[in-house]
Every structure is written in structure tokens, then in C-alpha cells.
Amino acid sequence: MVSVVFMAGPCAGEIRILLFAGLREQAGWAEQQWPANPNDDAGLTPRQLWLKLQLPGDLDQAVRVSINRQFADADTPLQPGDELAFLPPISGG
Amino acid sequence: MQLRIDLHSTGFEPLVVLTRWQDEQQHRSNVQSAAEAFFIGRVRGVAADGRELEALELEHYPGMTELQLERLALDCCNRHGVISCLVQHRIGRVLPGEAIVLVAIGADRRGPAQRCCQELLEALKHHAPFWKREWRADGSSEWLSGNTPL
Chain Z
1 MVSVVFMAGP
11 CAGEIRILLF
21 AGLREQAGWA
31 EQQWPANPND
41 DAGLTPRQLW
51 LKLQLPGDLD
61 QAVRVSINRQ
71 FADADTPLQP
81 GDELAFLPPI
91 SGG
Chain D
1 MQLRIDLHST
11 GFEPLVVLTR
21 WQDEQQHRSN
31 VQSAAEAFFI
41 GRVRGVAADG
51 RELEALELEH
61 YPGMTELQLE
71 RLALDCCNRH
81 GVISCLVQHR
91 IGRVLPGEAI
101 VLVAIGADRR
111 GPAQRCCQEL
121 LEALKHHAPF
131 WKREWRADGS
141 SEWLSGNTPL
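Chains Z and D are the protein sequences, given in the same order.
Residue numbering for the first sequence follows the working numbering, beginning at 1 and increasing consecutively.
Residue numbering for the second sequence follows the working numbering, beginning at 1 and increasing consecutively.
Think of the hints as simulated: they come from the structure by calculation, not from any bench.
For clarity, every value in this text was computed on a predicted model and none was experimentally measured.
It is possible that part of the hints are untrue.
Not close to chain Z: a few residues of chain D, all C-beta gaps over 10 Å, as computed [as the list claims (entries may be wrong)]:
#1 L15
#2 L18
#3 R44
#4 A47
#5 R51
#6 L53
#7 G81
#8 W135
#9 R136
Stretch-level coverage of chain D by chain Z, calculated; a stretch enters the list once three of its residues show a Cβ under 8 Å from a Cβ in chain Z [unchecked claim]:
#10 31-37
#11 89-102
#12 123-130
#13 138-149
Where is the CB? At the ideal position from N, CA and C, for every residue including glycine.
Chain D with its partners taken away, still in its complex shape (with noise of 0.2 Å):
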């Protein structure tokens, strides 16, 4: 299985990343993903109270953060027998539209596929250690205490 998780401190875009990514794929599997599965999540432009959002402030804990999405992403596609897989976040200021996260998996079934890409997802925005502080357009500032719902 090939795994390959990064944050990111500025900004990326999801599509040239997934590009590169594919292209690394066929490059060095001799298994080729016949299903894959993508996510991308992207910062809001309402704060949770409705409010006009000026930003998204992504703190992390360095070290265990990578570690935890290291034992997330290998334990869920462990679980579904998936070829391979790619998380990536960002950590810091995030803007409105900005790209905040993407997973991809790679597999031979849709199913898998799907069902491995939606679980490391809930996984991640539960169980890896980040923190989210929404800066409303005011200049008043909150730090968000859990999800928005599925």
C-alpha cells in the first residue's frame, strides 16, 4: 500500500497535486488502481453563527499529528485492502474557497474505494489533533469546539 500524507503552510490546489500524485502511481506500482476515490473539502465563506467569514486559522500539534493521520489512514486502508492513498492539509490561515483538505485512495473496487475514502475522512476530522478558529470579517475570533455534521 502507498501512503503519502503532507501539510501543508500555504496554500495548495488539490487538482495539481492529485495530478502529480496519479502520475507518480503509474509510474512506480506495478498494481494499477482500477477505482479511485477523491475528497476535497474547502473553507467556507460563513462562519458557524452566519456571520461573514474573513478566515480559517488551522493549528496543529507537530509531531503527533502526522503520526495520528500516519496510523488513521494506514489502519482504515488496512481495513479495506486499498492500493493507495494520499491526505493532504493545510495548517495555518485558510481563506474563504481555499483547499483545506483532500484524500485520495486508490483500489480496485469502487466500493472499497469509496467506503475507505468517506471513513479516513470522519477519521481525520475526528481523531487527528487539529483545531479550527474561525476570524469573522469584525475582527472577533472563536475557536470552533467540533464538526459540521455529514
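Only chain Z is shown next, with the shape it has when bound in the complex (with noise of 0.2 Å):
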């Protein structure tokens, strides 16, 4: 049984993004540390990372963006230390 899960947090001055399931596997990688340059990627969005990384499909269609593990809006600019999540369809229960 798990109750809490504890895990590691991004690096100081960089974004930690996350995919997972389907997503996970049609990008071929499970997790990324982005390096958030201050001058190049102020108010750098989901939106953006999405298109800079070229992860497959259309992130509006079916892909929930969660920021710090709370759902948000793709158009939400990111902080240095943010944690970044792309969810795919979600079926639980």
C-alpha cells in the first residue's frame, strides 16, 4: 500500500517536465530537466515547451497540463523550479 510518494524535485533554475503513459512512450522519454534561461525563456508557457520539445499530437485535442502537480492552464507562464507535467487522457476508477 502507498500512501505518499515522495519525488525528487527539479534543480534550482530549471523547469522539470513530465509525461506519462501513451504520451510517455510515442515520445520516447519519460522525463526532462529544461534549463530556464532568464533572458531567453521569461514567461516561457506549457504551450511553448510543447512546441519547442515537438511532442507528438495536439496538446489542446486531449493532453491536460498539470504545473507543481496541479492542473493549469497551457498559456500559464512557468517559473524557474516549476514542475512541469503533460497528462495524457486520464482513466481512472
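Put the complex together from the two separate chains, hints included.
Below, the structure written as C-alpha cells:
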């Protein structure tokens, strides 16, 4: 039984990006650290990262975004140290 | 409001968990629920395409899944004014017939208990980060892109 699970957080100055399930398998990776440069990446959003990372499919069609483990809008500006996850369609219960 | 949420990486017997939870409620709480509603979900033996199902794989987002289950449960329970809530969910490889989810609600009246149980179940199916992958008897597999109809 698992009640609480801790995951390592992102390094300071970086954005930790996580993929899950089918999206992870389509992309071929589960986790990346994006070096958030304050000059180049000010106001960087999940939508922009989705495009920069050339992730498969349409972000608006079936993928939800979470920032620091809360659902968020894909156009929310990211901060260094944030944990960003792209979540394919959920099927729990 | 008393809330208990657990993720199980191995099989659990819902009726055993439920009995233990009811015993705990009677010992801990001054306010006894007069109405209880339960839902137990089990894995089907048939895949979405009609072929025989070998197993279901349940992936989750460690850290966020637990937080999101708690947010959904607190929101639903507070709206319905219920007394207690139990959510048990499997992760990992689950075999046909095994329990995948248990939701139990204790309340003062049957209406809030039943409504809260159904709403929380639907909420966690759609808004708690779990992903199901069907493993078929021929060794093939597929991630599901949604839930079965209500």
C-alpha cells in the first residue's frame, strides 16, 4: 500500500518536465530538465515548451497540463524550479 | 469530516477494508453515520475491443495523484456535508475480477451519501491522474483514452 510518495524536485533554475503513459511512449522519454534561462525563457509557457520539444499530437485536443501537481492552463508562464507535466487522457477508477 | 485515501500496489479485499474502516469510524467519531453508500469497481475480463483481457496496468503520477484525490474528496464531501469518506485505489498490474477502486461515504441521510459517492467516483475517474493500459491474452497492449460510459 502506498499512501505518500515523494519524487525528486527540479534543480533550481530548471523546469522539470514529465510525461506519462501513452504520451511518454510516443515521445520516447519520461523526464527532462529544461534549463530556464531568465533572458531567453522569461514567460515561457507549457504550450511553447510543447512545441520546442516537438511533442506528438495536438496539445489542445487531449492533453492536460499540470504545474507543480495542480492542473493549469497551457498558457501559464512557467518559473524556474517548476514541475511541469503533460497528462494524456485520464482513465481512473 | 474524516477522510482516508490509500493507493494499493498489490491486491486488496474491499469488504475487509470496508469492515476495518467501519470499525475505526465507530471508535473514533462522536458522530455516527446513519447512512452509508459504497461503490466497488472490478476489472472486467474483456478488453475494450472485445478480446480476452489478461490484465490491466494502472499508472499514476506519484505525488499529484494523492493530492488530487484529496482535493476532489474534500470538495465533494464538503458540498454534500457528509461525515466520512474512504477512497482506495489500485496501482500497478490488476487482474480480471480484482478490485480496482472502492469509494465509501458515511452521512446522516441516504441522499447525501449516495450522491456524494457517485459524484466522487465520477470525479476521480475523470480528474485524478490515473492511466489504464489493457494487456490482452495475445501479449498485445493498448493505453485507454477514456472511461467506459456511466
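Verification of the hints:
1. Every CB of chain Z lies more than 10 Å from the CB of D/L15, the least distance being 17 Å, so the non-interface label holds.
2. With a closest Cβ-Cβ approach of about 15 Å to chain Z, D/L18 is found to remain outside the 10 Å limit, as its non-interface label requires.
3. Every CB of chain Z lies more than 10 Å from the CB of D/R44, the least distance being 13 Å, so the non-interface label holds.
4. Listed as outside the interface, D/A47 is consistent with that label: its C-beta sits roughly 13 Å from the nearest C-beta of chain Z, beyond the 10 Å cut-off.
5. Here D/R51 stays apart from chain Z, with its beta-carbon at least about 18 Å from theirs, past the 10 Å limit.
6. Under the 10 Å C-beta cut-off, the non-interface status given to D/L53 relative to chain Z holds; the minimum distance is some 14 Å.
7. Against chain Z, the non-interface label of D/G81 holds: every CB pair exceeds 10 Å, the least being about 23 Å.
8. Distance check on D/W135: its Cβ is at least 14 Å (rounded) from any Cβ of chain Z, clearing the 10 Å threshold; non-interface status holds.
9. Interface exclusion of D/R136 from chain Z stands, the closest Cβ pair being 16 Å apart, more than 10 Å.
10. Taking a C-beta to C-beta cut-off of 8 Å, the stretch 31-37 of chain D contributes 0 residues in contact with chain Z, too few for the three needed, and the coverage statement is violated.
11. Taking a C-beta to C-beta cut-off of 8 Å, the stretch 89-102 of chain D contributes 4 residues in contact with chain Z, enough for the three needed, and the coverage statement holds.
12. Counting residues of the stretch 123-130 of chain D whose C-beta sits closer than 8 Å to any C-beta of chain Z gives 7, which meets the bar of three, so the coverage hint holds.
13. Only when three residues or more bring their CB closer than 8 Å to a CB of chain Z does the claim for the stretch 138-149 of chain D stand; here the count is 5, and the claim holds.
In this structure, only the earlier hint numbered 10 is contradicted, and the remaining ones agree with it.
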